[in-house]
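There are 2 protein chains.
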Amino acid sequence: MMEKYVFGIDIGGTTVKCGLFTVKGELLEKWEIPTRTENNGAAILPDVADTVLKKIQEKGLAKEEIAGIGIGVPGPVNEQGEVPGAVNLHWGYVNLAGDMEKMTGLRVKAGNDANVAALGEMWKGGGAGCQSIVMVTLGTGVGGGIINNGKIVTGAHGAGGEIGHIHVTDDVECNCNCGNHGCLEQVTSATGITYLANRRLKKDDRPSMLRGGEVNAKTVFDAVKAGDELAKEVAEEFGKYLGTALASVACVADPEVFVIGGGVSKAGQIILDYIKKYYAQYAFMTCKQASFALAKLGNDAGIYGAAKMLL
Amino acid sequence: MMEKYVFGIDIGGTTVKCGLFTVKGELLEKWEIPTRTENNGAAILPDVADTVLKKIQEKGLAKEEIAGIGIGVPGPVNEQGEVPGAVNLHWGYVNLAGDMEKMTGLRVKAGNDANVAALGEMWKGGGAGCQSIVMVTLGTGVGGGIINNGKIVTGAHGAGGEIGHIHVTDDVECNCNCGNHGCLEQVTSATGITYLANRRLKKDDRPSMLRGGEVNAKTVFDAVKAGDELAKEVAEEFGKYLGTALASVACVADPEVFVIGGGVSKAGQIILDYIKKYYAQYAFMTCKQASFALAKLGNDAGIYGAAKMLL
Chain D
-3 MMEKYVFGID
7 IGGTTVKCGL
17 FTVKGELLEK
27 WEIPTRTENN
37 GAAILPDVAD
47 TVLKKIQEKG
57 LAKEEIAGIG
67 IGVPGPVNEQ
77 GEVPGAVNLH
87 WGYVNLAGDM
97 EKMTGLRVKA
107 GNDANVAALG
117 EMWKGGGAGC
127 QSIVMVTLGT
137 GVGGGIINNG
147 KIVTGAHGAG
157 GEIGHIHVTD
167 DVECNCNCGN
177 HGCLEQVTSA
187 TGITYLANRR
197 LKKDDRPSML
207 RGGEVNAKTV
217 FDAVKAGDEL
227 AKEVAEEFGK
237 YLGTALASVA
247 CVADPEVFVI
257 GGGVSKAGQI
267 ILDYIKKYYA
277 QYAFMTCKQA
287 SFALAKLGND
297 AGIYGAAKML
307 L
Chain S
-3 MMEKYVFGID
7 IGGTTVKCGL
17 FTVKGELLEK
27 WEIPTRTENN
37 GAAILPDVAD
47 TVLKKIQEKG
57 LAKEEIAGIG
67 IGVPGPVNEQ
77 GEVPGAVNLH
87 WGYVNLAGDM
97 EKMTGLRVKA
107 GNDANVAALG
117 EMWKGGGAGC
127 QSIVMVTLGT
137 GVGGGIINNG
147 KIVTGAHGAG
157 GEIGHIHVTD
167 DVECNCNCGN
177 HGCLEQVTSA
187 TGITYLANRR
197 LKKDDRPSML
207 RGGEVNAKTV
217 FDAVKAGDEL
227 AKEVAEEFGK
237 YLGTALASVA
247 CVADPEVFVI
257 GGGVSKAGQI
267 ILDYIKKYYA
277 QYAFMTCKQA
287 SFALAKLGND
297 AGIYGAAKML
307 L
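Chains as they are written, first to last, in my numbering: chain D, -3 to 307; chain S, -3 to 307.
Just chain D, same shape as in the assembly:
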């Protein structure tokens, strides 16, 4: 019997997102279950196995029709699908792929959630049609995922694609969450843009619509769209840091496309324009051909990418 279906699971700190897909990538059904982190998260995998097996029964599927289960987790995952530890799930070492295979009798693959989301965007999102992409998630932090020739670049210590911690400046006062100083994340995440804007506002008393109101990534880019000169300066600074860093990333990974996602990317095309301006200036010759796209799958990128790992 031909394989027709595949499950994509994205385990987060509070909920587990689940998707049933066709092997062509059509999302047939999407649902969530809570992530039970008590007792070192001992119930998480049994809960996932249970919801998958119930769905198979409910839909009347034959196991031979199912390519397997792909799972993304917030932590490092090695090639064998083992997790050395995942703080947000309260996990120590877990043999994720092995345990799930035993519980379900299905083939299982596992990966880090940021890398898996990149794979999802490559399959059905902003990088569709490409085989080598760099996904950049501009949220509270800056996450990344590198796909080379269709395969996730995991790295030796699970830090492949941790581009938020590239050192980009000696010119910030405080430390990054990682303990270093001057990381990309400190100046281009949502928090980082707020920091840049507040620093610029303090520098002098040039008028700006940002003064007196709430300052965050959204208000900054709204002000840019409204023609606010001070906000534009902040956007240039953001673009220079991120564009230059992505030019460095291109010297390592050389993607076809950079896919930009996360909350900050909701500002739209204008974000890409500021990044591309500086990327074009600093990128190596052949890498200048790379294109830039907004992420398309939002919170579903994880389940798409998880499913794709099996195919």
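Derived by calculation from the structure, the hints in this document are not laboratory data. Among these hints, one or two may not hold up.
Example chain D residues on the side facing chain S (calculated, C-beta under 10 Å, incomplete) [unchecked claim]: (1) V168; (2) N171; (3) L180; (4) E252.
Which bits of chain D does chain S cover? Going by a derived footprint, with three or more residues having C-beta under 8 Å, they are [claimed, not checked]: (5) 152 to 158; (6) 172 to 179; (7) 184 to 198; (8) 283 to 293.
For each residue, glycine too, the CB sits at the ideal point set by N, CA and C.
Please build the complex by placing chain S on the supplied structure of chain D, with the hints as guidance.
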């Protein structure tokens, strides 16, 4: 019949290096033929096919005993073993793997020479025992090769691992060969170290054994070893540029080991010490575990890596 042998070929602008290996990686025989670049390099592949077929005959090998032929070339190579063009070989588009398979009846794989050398150092050189390495070649330029889980990161435009063109400074007067400004290569290649030393010497008239003599990467590191303070300042600058850049590379590729080769690396362990000092300062937490090693295979890295592509 079991596969016992494999050929590794490294095509350079003037000579083609050839190696016959056992599949375990023992180099049985090594020889060279000239690279005939006339007529758009039309003779290069027939010459290689010819020397391989002759060696098979001379040794009395059966084709079934041979795993195949791996070939490194100075230019981009895609996953199908096609070369869009290679200036030093006077090649336009060449279907390298396809043509060689037809000419020899053997399985053929091809890759970019810098990436292939990295694979060689991973197999039998400074990165032996590892699966994820970054190879840095400090010669006239700065070359790089990234191996992730045993596979070369080629990139979409053949620029994977072109780490010499990471932008590291706005503080150099001249342009890089690539057309950009402030590339890693401009300050950490052999030429780059000479540039840094001459710039430092001009800054003031502090005494140094480098004054009056020849200034190059070798004399600089000889002076460092002799305790010359000015030369030490140059080495610190070199270490800061390279260590910081490799910390950025680690945020993308996260290798187990950085293998440092090329002419500059002949200065030995002292090179690694200066690089590691700044790498430790800027690397992301888990990436600090990466180790540093000197390359071991010298000019043979290419034939080792070429052979390894088949195995």
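Do the hints match the structure? See the list:
{"no.": "1", "hint": "V168", "in the structure": "violated, 14 Å"}
{"no.": "2", "hint": "N171", "in the structure": "violated, 12 Å"}
{"no.": "3", "hint": "L180", "in the structure": "holds, 8 Å"}
{"no.": "4", "hint": "E252", "in the structure": "holds, 4 Å"}
{"no.": "5", "hint": "152 to 158", "in the structure": "holds (count 7)"}
{"no.": "6", "hint": "172 to 179", "in the structure": "holds (count 3)"}
{"no.": "7", "hint": "184 to 198", "in the structure": "violated (count 0)"}
{"no.": "8", "hint": "283 to 293", "in the structure": "holds (count 3)"}
Checked against the numbered hints listed earlier, the structure breaks hints 1, 2, 7; every other hint is satisfied.
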